[in-house]
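Sequence lines, in order, name chains A and B. In terms of the numbering used here, the numbers along the first sequence are unbroken and rise by one, the last being 501. In terms of the numbering used here, the numbers along the second sequence are unbroken and rise by one, the last being 501.
For the record, the hints were derived by calculation from the structure and aren't laboratory data. Treat the hints loosely; a few may be bogus.
Calculated pairs, DSSO-like style, for lysine-lysine (alpha carbon to alpha carbon, straight line, at most 27 Å) [claimed, not checked]:
id: 1; chain 1: B; residue 1: Lys489; chain 2: A; residue 2: Lys410
id: 2; chain 1: B; residue 1: Lys204; chain 2: B; residue 2: Lys193
id: 3; chain 1: A; residue 1: Lys492; chain 2: B; residue 2: Lys361
id: 4; chain 1: B; residue 1: Lys410; chain 2: B; residue 2: Lys363
id: 5; chain 1: B; residue 1: Lys363; chain 2: B; residue 2: Lys351
id: 6; chain 1: A; residue 1: Lys411; chain 2: B; residue 2: Lys476
id: 7; chain 1: B; residue 1: Lys165; chain 2: B; residue 2: Lys193
id: 8; chain 1: B; residue 1: Lys445; chain 2: A; residue 2: Lys351
id: 9; chain 1: A; residue 1: Lys410; chain 2: B; residue 2: Lys476
id: 10; chain 1: A; residue 1: Lys216; chain 2: B; residue 2: Lys234
id: 11; chain 1: A; residue 1: Lys476; chain 2: B; residue 2: Lys466
id: 12; chain 1: A; residue 1: Lys379; chain 2: A; residue 2: Lys351
id: 13; chain 1: B; residue 1: Lys411; chain 2: A; residue 2: Lys476
Single-letter residue listing:
2 protein chains.
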Amino acid sequence: MEQSLFIYNTLSRQKELFRPLVEGRVGMYVCGPTVYGDAHLGHARPAITFDLLFRYLLHLGYKVRYVRNITDVGHLEHDADEGEDKIAKKARLEQIEPMEVAQYYTNRFHDAMAALGCLPPSIEPHASGHIMEQQQLVQEIMDHGYAYESNGSVYFDVEKYDKDHRYGILSGRTLDNIKDASRELAGVGEKRNQADFALWKKAQPEHIMRWPSKWSDGFPGWHCECTAMGRKYLGEHFDIHGGGLDLVFPHHECEIAQAVASQGDQMVHYWMHNNMITIDGKKMGKSYNNFITLPQFFAGEHERLERGYSPMTIRFFILQAHYRSTVDFSNEALQSAEKGLQRLMDAWKALQRLAEGQKVKGQPQVEMKYVEELRQKCYDAMNDDLASPMVISHLFDACRVVNTLLDKKASITAEVAQALIQVFHTFAFDILGLTVDTGASNKEREAAFGAVVNMVLEQRQQAKAEKNWALSDKIRDDLAALGFEVKDTKDGQTWTLNK
Amino acid sequence: MEQSLFIYNTLSRQKELFRPLVEGRVGMYVCGPTVYGDAHLGHARPAITFDLLFRYLLHLGYKVRYVRNITDVGHLEHDADEGEDKIAKKARLEQIEPMEVAQYYTNRFHDAMAALGCLPPSIEPHASGHIMEQQQLVQEIMDHGYAYESNGSVYFDVEKYDKDHRYGILSGRTLDNIKDASRELAGVGEKRNQADFALWKKAQPEHIMRWPSKWSDGFPGWHCECTAMGRKYLGEHFDIHGGGLDLVFPHHECEIAQAVASQGDQMVHYWMHNNMITIDGKKMGKSYNNFITLPQFFAGEHERLERGYSPMTIRFFILQAHYRSTVDFSNEALQSAEKGLQRLMDAWKALQRLAEGQKVKGQPQVEMKYVEELRQKCYDAMNDDLASPMVISHLFDACRVVNTLLDKKASITAEVAQALIQVFHTFAFDILGLTVDTGASNKEREAAFGAVVNMVLEQRQQAKAEKNWALSDKIRDDLAALGFEVKDTKDGQTWTLNK
Numbered sequence: 003m004e005q006s007l008f009i010y011n012t013l014s015r016q017k018e019l020f021r022p023l024v025e026g027r028v029g030m031y032v033c034g035p036t037v038y039g040d041a042h043l044g045h046a047r048p049a050i051t052f053d054l055l056f057r058y059l060l061h062l063g064y065k066v067r068y069v070r071n072i073t074d075v076g077h078l079e080h081d082a083d084e085g086e087d088k089i090a091k092k093a094r095l096e097q098i099e100p101m102e103v104a105q106y107y108t109n110r111f112h113d114a115m116a117a118l119g120c121l122p123p124s125i126e127p128h129a130s131g132h133i134m135e136q137q138q139l140v141q142e143i144m145d146h147g148y149a150y151e152s153n154g155s156v157y158f159d160v161e162k163y164d165k166d167h168r169y170g171i172l173s174g175r176t177l178d179n180i181k182d183a184s185r186e187l188a189g190v191g192e193k194r195n196q197a198d199f200a201l202w203k204k205a206q207p208e209h210i211m212r213w214p215s216k217w218s219d220g221f222p223g224w225h226c227e228c229t230a231m232g233r234k235y236l237g238e239h240f241d242i243h244g245g246g247l248d249l250v251f252p253h254h255e256c257e258i259a260q261a262v263a264s265q266g267d268q269m270v271h272y273w274m275h276n277n278m279i280t281i282d283g284k285k286m287g288k289s290y291n292n293f294i295t296l297p298q299f300f301a302g303e304h305e306r307l308e309r310g311y312s313p314m315t316i317r318f319f320i321l322q323a324h325y326r327s328t329v330d331f332s333n334e335a336l337q338s339a340e341k342g343l344q345r346l347m348d349a350w351k352a353l354q355r356l357a358e359g360q361k362v363k364g365q366p367q368v369e370m371k372y373v374e375e376l377r378q379k380c381y382d383a384m385n386d387d388l389a390s391p392m393v394i395s396h397l398f399d400a401c402r403v404v405n406t407l408l409d410k411k412a413s414i415t416a417e418v419a420q421a422l423i424q425v426f427h428t429f430a431f432d433i434l435g436l437t438v439d440t441g442a443s444n445k446e447r448e449a450a451f452g453a454v455v456n457m458v459l460e461q462r463q464q465a466k467a468e469k470n471w472a473l474s475d476k477i478r479d480d481l482a483a484l485g486f487e488v489k490d491t492k493d494g495q496t497w498t499l500n501k
Numbered sequence: 003m004e005q006s007l008f009i010y011n012t013l014s015r016q017k018e019l020f021r022p023l024v025e026g027r028v029g030m031y032v033c034g035p036t037v038y039g040d041a042h043l044g045h046a047r048p049a050i051t052f053d054l055l056f057r058y059l060l061h062l063g064y065k066v067r068y069v070r071n072i073t074d075v076g077h078l079e080h081d082a083d084e085g086e087d088k089i090a091k092k093a094r095l096e097q098i099e100p101m102e103v104a105q106y107y108t109n110r111f112h113d114a115m116a117a118l119g120c121l122p123p124s125i126e127p128h129a130s131g132h133i134m135e136q137q138q139l140v141q142e143i144m145d146h147g148y149a150y151e152s153n154g155s156v157y158f159d160v161e162k163y164d165k166d167h168r169y170g171i172l173s174g175r176t177l178d179n180i181k182d183a184s185r186e187l188a189g190v191g192e193k194r195n196q197a198d199f200a201l202w203k204k205a206q207p208e209h210i211m212r213w214p215s216k217w218s219d220g221f222p223g224w225h226c227e228c229t230a231m232g233r234k235y236l237g238e239h240f241d242i243h244g245g246g247l248d249l250v251f252p253h254h255e256c257e258i259a260q261a262v263a264s265q266g267d268q269m270v271h272y273w274m275h276n277n278m279i280t281i282d283g284k285k286m287g288k289s290y291n292n293f294i295t296l297p298q299f300f301a302g303e304h305e306r307l308e309r310g311y312s313p314m315t316i317r318f319f320i321l322q323a324h325y326r327s328t329v330d331f332s333n334e335a336l337q338s339a340e341k342g343l344q345r346l347m348d349a350w351k352a353l354q355r356l357a358e359g360q361k362v363k364g365q366p367q368v369e370m371k372y373v374e375e376l377r378q379k380c381y382d383a384m385n386d387d388l389a390s391p392m393v394i395s396h397l398f399d400a401c402r403v404v405n406t407l408l409d410k411k412a413s414i415t416a417e418v419a420q421a422l423i424q425v426f427h428t429f430a431f432d433i434l435g436l437t438v439d440t441g442a443s444n445k446e447r448e449a450a451f452g453a454v455v456n457m458v459l460e461q462r463q464q465a466k467a468e469k470n471w472a473l474s475d476k477i478r479d480d481l482a483a484l485g486f487e488v489k490d491t492k493d494g495q496t497w498t499l500n501k
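In isolation and in its complexed conformation, chain A is listed as follows (with noise of 0.2 Å):
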């Protein structure tokens, strides 16, 4: 831990040294997805995000308890409480039992975080399978005087809250802003407040998804989940808690007040938001239906796609912005992240080749202290609130000098090279995440051998133009015997390998 890292706190709005609650351990809660359907760009971005953080605190050393949790449950429409659960609507709609839903999308999360290197979390819960540890945090609320039942349901009390605390110091809103904002909506039915919100939802009839409680046979309410879930795995008080820009208001301020409201002080010492992916200058959302799945991306499919992106090309996409600069979606920004990519890869693979140095007369030497600046410069970069995108700036000089020592303009001994190799290794695959694209690469690799099969037809051909049939026929008996069958046709030779 000879790094000094800072990282944005949203609270303390401002760079702050990261200093763990228990040395040389961190404890970190990420929002994770609401398997109602696939992941799109916007959920990638989270997942990358705090995937590099991850790496980086494991890479520094530390034991690190990352847990993102599966929403399965209670996350109501429109961030309104009056709302249909997401998941039992598309239930009915499908007519199949909401668990099997969420399977699906959780497995379709799954195979689409792997594709983009995303290393999975320590504990990964599911808000329906801590049904008990949210009514216990309900309760605690209640005792404490925070909390009201209404009609089977239970909510939580702002306006009392906001008296004795604060209400809306992590988004900077005020009480009196939220009310004006929300003074043009419907009536607050069962709520005292209109900013009261739900720690408890009594279940209509035809609500599919409820557990009994000691209030009615329902349903817990969005935020609790996060707060009971981060409590039980990272203990009352924890390091590190992420998620999107967009869950500052109200997911995480609701965060807080349950757990000042429950255990009397606040549960999480950092809160990290990454911003936004926008499309047409427009935040892509679900709720605004302008989104492109990661499967879409993958495969193509999808009218703005002009093609496939791989997700290596996502990953590098994403993380060539700094995580709280919003990035916009465009096909010519994603064409120019898999060029940079590209460069990147093909400065590693020539790495390869210069591993044992290069002596070339009369050409300056790339020296030592070159590599040790720039590790020094890449650490840097991640220290100062894991800035990737100078990370990856300071990786292309490298490619440059790489490429200075492929035209023989430069040399370099093998430790330098090694060194060299070591750095390029530990910040493009250990903390960036990323990974040479062999699907590609297995492709490229079938075209070069294959146009040395024509070589060797078109040999053959001569051999036949000159009447030199023991040659021919020696050529397709050896290619036979490797498993090539080769055919003559009308148009020529064709080939295939049988293996």
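Using the hints, position chain B against chain A.
Chain B alone, transformed into the frame defined by chain A:
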């Protein structure tokens, strides 16, 4: 559904015609892994057996809801109620959160299942995520008088149940047998009778995995989860419950008792059990400490393994035996399975090249009748209690026909060839779930292509010997343009493909 599927019902001890409770739909529950260690060969067997059934039911056109649980709590050691919770024990040893251990091994289990070609179940519920449902089950059993509380724990009253119903109908044991067998064990402790089993266990102070209940802070007895989760996701009555033969007693016997005691009648229509994997004639299992894990098999890293075996070899090895027979582990048997699988896959590849038919003068024709009989024989085998070894033997017969065709000793029309390809695909891939091992195939292709590059380099060598510098240089330049780097060394030419 034109096929009549017969399956062996452990409950009736005979093969029965399978008739689903709801036309066109099948509900199927299979006991899944306890995630406190890597899955071993003994776990691969139920996974593959019920994957075969799942695939066949889907092929027949049923909509199947396949539920397989993850046991992440409550499985007591040595099947004795006084044992320590296995997962909590492991976690304490490793000084980490039990759910972190469970998540780690769940992820590894999923990886192994995907490698073995097992389709993911429709729902994969966690025992720890269904504590309330299990408590509800326990309460219902108490309400009907078949359970009693003792010192904060709740036990099933087997004696009382046996009087009203009969305990032991699945395993064929009687309560007297069971009492005789357990007479020598330690005292009954909190239980009225030795045969009683725990429905809820009060947690010891040091016990980490615990949930509140009206009886005590504790955890559910092992047998509860399957009854509670089967009912939740498949209903009070469902079609098939599967698992290993070692689960018949006590686990499935207790499940039946719990169902009858709580809802008044049995839940499951067909009970299916796969037989054991043996090693040196003894069941392979955790408790015997004689197991080889799946990752060890794939990597060849265990003293009993002569080398590694691919996941598909393991799958084929298991499918080559009927699921109700024992299978003895040996390197010879695995190597023979590997050869058999290779034979099938070679025939499959050869079939592709025969797709447009083949005419050989004076040789007999492969008739459509042969293909139709082959198809029906494969169906008959599957319909006879999933006789996968018979299906494989019929496919081997088809391999012989393919080889006759390859030897130009038979003719086939395109239409018949297509039909043969279709039968092969249906049974080998869709139903048996085999896949072509592309990893090995890539290596083989690379080797064949590499040999062609060497052919070209030999030509260059000869050109040099003949002082044909123009040709020698042209070959080198052509290869370089494709990405091949050719070096002339003292020992001859070497090459690398930089892609």
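Tested hints:
The straight-line distance between the Cα atoms of Lys489/B and Lys410/A is roughly 16 Å, inside the 27 Å bound, and the hint therefore holds. Between Lys204/B and Lys193/B, the direct Cα distance comes to roughly 13 Å. Compliance with the 27 Å bound is thereby established for this hinted pair. Our distance criterion of 27 Å between C-alpha atoms is met by Lys492/A and Lys361/B, whose separation comes to about 19 Å. In summary, the hint linking Lys410/B to Lys363/B is supported, as the alpha carbons are separated by about 9 Å, within the 27 Å threshold.
Of the pairs offered as hints, the one joining Lys363/B and Lys351/B holds, with about 24 Å between alpha carbons and a cut-off of 27 Å not exceeded. Restraint check for Lys411/A and Lys476/B: the C-alpha separation of about 26 Å stays at or below 27 Å, so the hint holds. At roughly 18 Å between alpha-carbon atoms, Lys165/B and Lys193/B fall within 27 Å of each other, so this suggested pair holds. For the given pair, Lys445/B sits about 20 Å from Lys351/A by alpha-carbon distance, which is consistent with the 27 Å threshold.
With a CA separation close to 23 Å, the supplied pair Lys410/A and Lys476/B stays within the 27 Å bound. Between Lys216/A and Lys234/B the CA atoms are separated by roughly 21 Å; this keeps the pair inside 27 Å, and the hint holds. A distance of roughly 21 Å separates the Cα atoms of Lys476/A and Lys466/B; the hinted pair therefore holds under the 27 Å criterion. Taken as a hint, the Lys379/A and Lys351/A pair is honoured in the structure, with Cα atoms around 22 Å apart against an allowance of 27 Å.
Distance restraint check for Lys411/B and Lys476/A: the Cα-Cα separation of roughly 26 Å lies within the 27 Å cut-off, and the hinted pair is therefore satisfied.
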